[in-house]
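Starting from the given sequences, assemble the full structure and let the hints guide the process.
Residues per chain are reported as follows:
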Amino acid sequence: MTGARVLRRVAPQLLTLGAVILLVSVYFPDFYQIVYANDRLVGIPIDVVKRGAPVALLAIGMTLVIATRGIDLSVGAVMAICGATAAWSIDQGFGLWAALGLAGAAGLVCGLWNGILVAFFGIQPIVATLILMVAGRGVAQLITGGTILTFDNEAFAFLGSGAVFGVPVPTLAWILTGILFGLLVRRTALGLLIESIGINLRASTLTGINSRVLLLAVYMGSGFCAALAGIIATADIRGADANNAGLWLELDAILAVVIGGNSLLGGRFSILASLLGAMIIQTINTGILLAGFPPEFNLVIKAVLVIIILVLQSPRLLPRLGFIRLRRERDEKPSGTPVEAGK
Amino acid sequence: MLLSTRNLTKTFPGTKALDSVDFDLKAGEVHSLLGENGAGKSTLIKCLTGAYRRDSGDILFEGEPISPQSTLEAQEIGIGTVYQEVNLLPNLTVAENLTLGHQPRRFGMISPRAMQAQAEEMLAGYGVDVDVRRSLDTYSVAVQQIVAIARAVHLSGRVLILDEPTASLDSREVRMLFDVIGDLRKRGLGIIFISHFLDQVFEISDTLTVLRNGCHIATRPAAEVDRMELITLMLGHELDEEKPDRGLSSEVEGTGDAIRFKGIGRRGKIAPFDLTVHKGEVIGMAGLLGSGRTESAEVLFGATPADSGTVEDANGAVDLRNPRNAIAAGFAFAPEDRKTDGIIAELSVRENIILALQARRGWARPIPQAEQMRMADEYIERLDIRTPDAEKPVGLLSGGNQQKVILARWLATNPRFLILDEPTRGIDVGAHAEILRLIEDVVAQGMSILVISSELDELIAVSHRVIVVRDRHHVSELTGADVTTETIVRAIAAPDAEAVA
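Listed in order, the protein sequences are those of chains A and B.
full-length UniProt numbering numbers the first residue of the first sequence as 1 and each following residue consecutively.
full-length UniProt numbering numbers the first residue of the second sequence as 1 and each following residue consecutively.
Hints are supplied without guarantee of correctness; some may be wrong.
As the list claims (entries may be wrong) - Reference listing, derived: stretches of chain B covered by chain A, where coverage requires no fewer than 3 residues with Cβ under 8 Å from a Cβ of chain A:
hint, segment
1, 339–350
2, 362–372
Claimed, not checked - Some chain A residues near chain B, calculated using beta-carbon distances under 8 Å:
hint, residue
3, Gly146
4, Thr147
5, Leu190
6, Leu192
7, Arg202
8, Ile209
9, Asn210
10, Leu264
11, Lys302
Simulated from the structure, these hints should not be mistaken for lab results.
The C-beta atom is built at its ideal place from N, Cα and C for all residues, glycine as well.
Pasting the structure below:
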């Protein structure tokens with residue numbers, strides 16, 4: 001895609017992000033302040049791009065899964081498994097690289113499991129990944145032995161709280177992963193093939209696309225992103241908490257993809273838009289804290305803001321607001337768009 | 001005039017779908033709307049029923065200007081529509097379908113007895129024997145169609161629009177439907193009828209209106225137009241004469257690189273059959289719907305893998321376990337149901353064209369953007385695909401153009417054996433002739449083709465030999481001078497003759 005087309009695609013997300021930042025800065029005028037202190041950038045925006053890292057990482061993999069008309073509910077639990085694996089490896093004295101390797105491998109295996117259930121056993125993705133969502137936390141507890149497994153390893157902790165050229169490592173992690181996945185799907189034919197199986201699986205298979213292997217790869221990609229998110233979350237608190245690591249983050253990740261304008265019915269996707277969605281969510285989270293509302297209001301305020309964003313982005317509402325030209329084609333699609341019957 | 005349009009105009013990005021169209025419907029007439037796919041028939045209907053908003057022009061209902069904003073509003077004004085795919089709820093009862101949205105109530109609850117009575121009253125006079133308490137899907141499509149008409153007439157009662165109502169009906173059911181239409185005409189309804197079947201159009205219509213490229217071309221009394229003239233109006237040029245039987249089977253015999261299928265079949269789908277496909281040969285396959293034609297094609301392509309038999313070519317065994325392997329072996333398959341099995345609706349024309357080739361190259365070797373554009377432009381020109389540009393989502397094209405895109409997708413892989421399942425179903429006359437011409441072209445270059453078609457004339461025109469399928473068996477193969485409509489029909493009908501004997 002050319003630059004102009006990318007910009008057009010993510011324009012609604014950019015506008016939304018701008019609006020949310022504006023809203024937050026009304027309550028907290030110091031929002032924009034960034035200073036350089038102790039070899040690192042400090043400020044609210046930096047805090048947003050750092051704290052948003054786990055959801056952003058999950059959203060990258062989730063975007064691809066949703067593009068295939070699937071969903072991955074297990075990513076929060078996979079974060080816990082991978083975090084526990086990393087902490088356990090450090091605890092055993094295997095060293096940094098072994099810990100990272102094992103955690104990454106754990107994420108890939110989790111993704112492979114989901115992928116096999118979906119691609120080879122034909123289980124609906126929401127059910128297939130629900131299994132690991134529930135069972136995953138149990139697996140993580142087995143690894144940590146039921147306690148919060150803390151460790152003391154500066155190199156590993158650096159991944160959670162360190163900074164390179166002033167930029168927090170978690171921020172670099174999601175930006176680099178986003179670029180890597182973006183190049184992987186757009187500089188090869190993967191993106192097109194993923195969109196194709198998401199729109200029409202049967203026709204794609206008849207066209208010679210290896211849809212099973214592709215589905216496996218996509219769920220493994222999602223598992224890998226969850227592993228990265230789990231590593232960062234674990235490094236940040238210097239301990240693996242099987243019960244709370246990544247809790248409910250799968251829902252935030254799905255929300256980020258949806259705010260990114262990607263259809264849950266599969267097909268066309270934009271990783272960049274999902275990442276902006278993740279940042280929108282994190283800005284809301286941080287903003288609510290800054291605004292000083294009593295904590296019991298937080299979730300309600302977040303829900304209200306999310307509803308407003310989604311309603312404003314709804315293709316049904318847009319024509320009524322007078323932006324008809326923008327989404328016209330979508331409205332006038334022939335009525336017979338194939339909808340795959342339940343598998 | 002019951003319903004008229006004046007200077008009705010509607011544009012979509014890149015195309016003018018309707019260009020100042022005038023149209024008049026009288027009470028008590030059946031008025032057929034004709035034109036190629038993409039001529040503007042559907043757009044006109046959708047403007048009349050409020051599904052689209054017109055850009056300019058007027059719609060007059062009994063002389064009063066109207067502008068329905070939704071199909072519901074059009075219904076209240078008096079314009080009802082019945083589509084080819086019946087828009088009812090198959091798992092509800094006939095009575096519920098008929099009364100949905102205005103069920104008779106008693107103390108705020110739906111009264112089943114009153115509902116049944118009302119439904120029976122609505123269906124009276126349609127000549128169908130239906131138990132309104134049974135669920136709709138227990139009845140044939142024809143009956144469902146009539147239920148939909150009864151509902152539309154009851155709700156609207158002035159204008160009835162029938163969009164391809166006969167597409168999935170057999171001839172007896174068409175008869176039934178036409179009787180109903182005839183009665184409604186006598187009751188003074190204005191009926192707009194759309195169909196690809198010219199015979200039916202001539203049989204039922206009082207008036208014909210031809211659209212072409214969004215323009216109104218002609219409106220004539222049906223009795224004053226003959227077939228040739230009508231086709232000329234629709235196409236804007238004389239239809240090329242179809243070539244007669246070519247009988248070329250002797251020319252293609254004997255070359256070494258034939259593909260030989262031996263005893264290939266699949267239990268429950270198609271009985272084992274032998275087939276030898278020579279280079280540059282067109283094999284026709286005839287049979288009734290459900291006889292095993294499509295099943296044969298799917299076994300040949302590996303879409304449903306065979307559970308018996310072998311396949312060989314000059315280089316030894318050919319692996320047809322799945323479509324990927326079949327494609328690697330140089331096979332290609334354009335399925336019967338374009339929408340669900342063929343096109344990837346939201347991808348662009350360009351992406352749809354390169355998809356099979358890209359799948360064969362693998363994900364790691366993307367076709368460069370410039371090469372994709374070149375291929376798309378080449379096939380858009382070569383197959384005359386009517387699209388504003390190569391980036392338009394293929395789902396927005398008309399049926400004939402979608403079919404051409406699928407053909408382009410396969411031609412791009414340069415296959416040696418191309419299987420076409422009903423390549424001309426539901427597409428307009430012009431695209432029809434173009435596709436037949438294309439078949440001749442690629443065969444001349446040495447490609448082999450299997451064509452499945454219900455249109456015997458078409459099969460006879462293009463095929464070197466014809467295989468007849470019946471009750472999931474390949475029952476007969478006709479070659480050379482034996483390939484005639486009569487012999488094919490006799491082969492299809494044979495079991496009944498035996499049963500009588």
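Against the structure, the hints come out as follows:
With 9 residues having a beta carbon nearer than 8 Å to a beta carbon of chain A, the segment 339–350 of chain B meets the requirement of three or more and the stated coverage holds. Residues of the segment 362–372 of chain B lying with their CB closer than 8 Å to a CB of chain A number 6, which satisfies the three-residue condition for coverage. Here the hint on Gly146 of chain A is broken, as its CB sits about 43 Å from the closest CB of chain B, past 8 Å. At a threshold of 8 Å, the smallest CB-CB gap from Thr147 of chain A to chain B is about 44 Å, leaving the interface hint violated.
Proximity of Leu190 of chain A to chain B holds as hinted, the smallest CB-CB distance being about 5 Å (cut-off 8 Å). Given hint, Leu192 of chain A at the interface with chain B, holds; its Cβ is 6 Å from that chain's nearest Cβ, closer than 8 Å. The interface hint given for Arg202 of chain A is met, as the beta carbon of that residue sits about 6 Å from the closest beta carbon of chain B, less than 8 Å. Among the interface hints, the one on Ile209 of chain A holds; its C-beta lies about 4 Å from the nearest C-beta in chain B, closer than the 8 Å criterion.
Annotation: interface hint on Asn210 of chain A holds; nearest CB of chain B at approximately 6 Å, less than 8 Å. Interface hint at Leu264 of chain A: violated, since its Cβ lies 14 Å from the closest Cβ of chain B, which is beyond the 8 Å cut-off. Hint status for Lys302 of chain A: violated, given a least beta-carbon distance of 32 Å to chain B, over 8 Å.
Against the hints set out earlier in the document, violations occur for numbers 3, 4, 10 and 11.
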